[in-house]
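J.: Protein sequences, first through last, are from chains A and B.
The C-terminal residue of the first sequence carries number 544 in my numbering, and the numbering is unbroken.
The C-terminal residue of the second sequence carries number 296 in my numbering, and the numbering is unbroken.
You may find that some hints are simply not true.
[To be verified] Computed from the model, here is a short list of chain B residues facing chain A with C-beta under 10 angstroms: (1) 162; (2) 182; (3) 211; (4) 225; (5) 261; (6) 266; (7) 269; (8) 284.
Derived from the structure by calculation, the hints contain no laboratory data.
The C-beta atom is built at its ideal place from N, Cα and C for all residues, glycine as well.
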Amino acid sequence: MAEDGGVGDSIDRTPASSADVCVVGSGPAGALVAHRLAAQGADVVVLEAGPRFDFAGRREQQEEHIRPGMGDPWEMGGPRDDYTTAGRHYPLNAARVKGVGGSTLHWQGMVMRLHERDFEMETRHGVGADWPIDYDDLRPYYAEAERALGVAGAMDNPYAPPREEPFPLSAFPPSYSDSLFAEACERLGIDMHSVPNARNSEPYDGRAPCQGYGTCRPVCPSGAKYTAESHVTKAESAGARVIDHAPVQRLEHDDTGEVVERAVYATPDGTEHHQRARRFVLACGGVENARLLLLSESEQYPGGLANSSDAVGRFFMDHLFAGAGARLDEPTRQNHVGFITSECHQFYDDENPIEGTKLEFLNYAGPSPVIEALHAETWGDELLTQLRDSYGTHIAMGGLVEQLPDAENRITLDPNRRDDHGNPVPHVEWSLSDRTKRAIRRANDVQHAILEELGASIEWTVGPEATGPAYHQMGTTRMGGDPDESVVDADCRTHDLSNLWVVGSSVFPTGGAMNPTLTIAALSLRAAESLSASL
Amino acid sequence: MAALAAAGATVGGGVLFGRMVPPRSDGGGAASDGRDPSAAPSLSSDLLDLLDATAEVLYPDGVEGRRDFVETYVLGRVSDRSDYRDGLREAAAQLDAVARDWEGSPYAELDADARDRILRNLGVETADPDPEGPISDRIRFYLVDDLLFAFYSSPAGGRLVGIENPIGHPGGIESYQRGTMPDAPGNTNGGESDG
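So that you can see chain A by itself, here it is in the shape it has in the complex (with noise of 0.2 angstroms):
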């Protein structure tokens, strides 16, 4: 048996003796509860099953996302990643990455709080349900996530939630295409104002400033975009053990059923190891999190573990894409950036309908020339001219639309397919509800009507039925009070199972409209604080 466990890389990836704390998954929730432990100087074991990619070679891994025929950038797909899916399809791996610093590898870096009444859409609109905590006690740790992704921000969003201190970063000013939106929102009576971006405008924390590559969904090149792999590296440096190509493919309890023992992860050459440790922090998704649970049925927990309650894999959640697009008469200098400069969260608190919606202004409206030059038929002075056709009059809004929590939207366990350790693989069975194809109608209904006071031509609109997912897997291990409706209590502890953490938006009960990572981040800072206590 090799050390590297048949990668090839002679590292070891056998396991360490008992740790105090083996953290699965090293995306931002497991990298920021890894650093915080270890920094603290806690024992630290983190499992990831995927590689780690090697930041010399982001260059490449851009040229593969922009030229058909290279392949994914971060390796997504084949055997280890199968999935299956029912009612409306879920791509599953488009909407996730598996390697050290996780889906933060390819997200584009959106981070905002989320608002107060996210926290009680039960108790004040009478749908979904109460989190087990409310904004302020989520605040302090929205501003130290904040400082550990290094936010750049500005204090100018009058609909954002209460909050003190400026952002760690000076906000990117608005582009030239927000300057074209801006006159016809200011008619329409609606705002517009700066977006809060993992994403340096001036360096930090050992990283460059953005330099415009154009690229942030799926890989930034030159660093800026902030990857959970800061904190792995940082966790690493406080003396974590990182061990990559290591999924978990089960948590075994003692005989009491109490307790977590041992997390058994196998490498690439099949071999099963076992990470014995005191506590164990599930951080692998919204997907892999139930999975996990799941495959790690027992005796005592036939139907999983730590789901007494029957709700792990409930209550799928995502955020669905609204948009139109539209031509201008006029150059609208699209693509020079890969992120957001603008949105508009007037809409957000709104009841009617009840679910929140928030509003992008996009920069990267119609075709990339390169792209489409490399998708073109044609070359030489007619491939300029079809390029200068499509290029540089495009202008398009985004947006996204919250779907309430539905125990029939789930992740189970497909018997008749197996991953390539011969474990039953998700199946994600998704549907959107009458009420959330409303609210998206509502969101389009909007936009068009900032696009015709533009004067601009719409030539496409994703409404309900165009819609898809934004890749925000959230609510299959839900927060609660109650151990017969949740999976995990406020400290994101499950309720069956004393030593054993669930971190990630698949705690989230109610997923809001916001992009999730900045929660995800609080959320894992608290669990932190809640597991360095118990040690």
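Fit chain B to the supplied structure of chain A, relying on the hints for placement.
T.: Frame of chain A; chain B shown alone:
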């Protein structure tokens, strides 16, 4: 050579379209310059000649500094990617072999119309870029797409379309707030960079 044999057999009727069976390196598929590709020779000026000749077909008329651009942004870009470079060289050798077979001359020595015609007759316009595929797919991947990627992800190509910092090029952070592109199209210096 296998490349010549495969291409010759396929185009015997004078018309070629769609896919071709790729010549196999284990069938003696030496590069057109007579060197064994398995020896991974260093990049030569011969390859640059072929790439520049291909770029003349793919790029718009009037691009200045083209050869230097290709040397820097195509060969330079892949200088430390040995597998890719080998694939690039092999695809170039295959295109050259087709040229010798069809036109009796190395690809780089043909006039531009003949070079364009060969690519179109190979079906490269509509080929799927695939480094493992038939000849037309590999030429699309390693030659056509590589040269187009280098050009249109740089200010050299971007400016002609109206964007001085196209995606793939660092610099958008300097230009995303501008309403106009400094220096109107017409500045077609192929080697120019903007930040």
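J.: In ascending order, which of the hints set out earlier in this document are inconsistent with the structure?
T.: Per hint list: 3, 8 violated.
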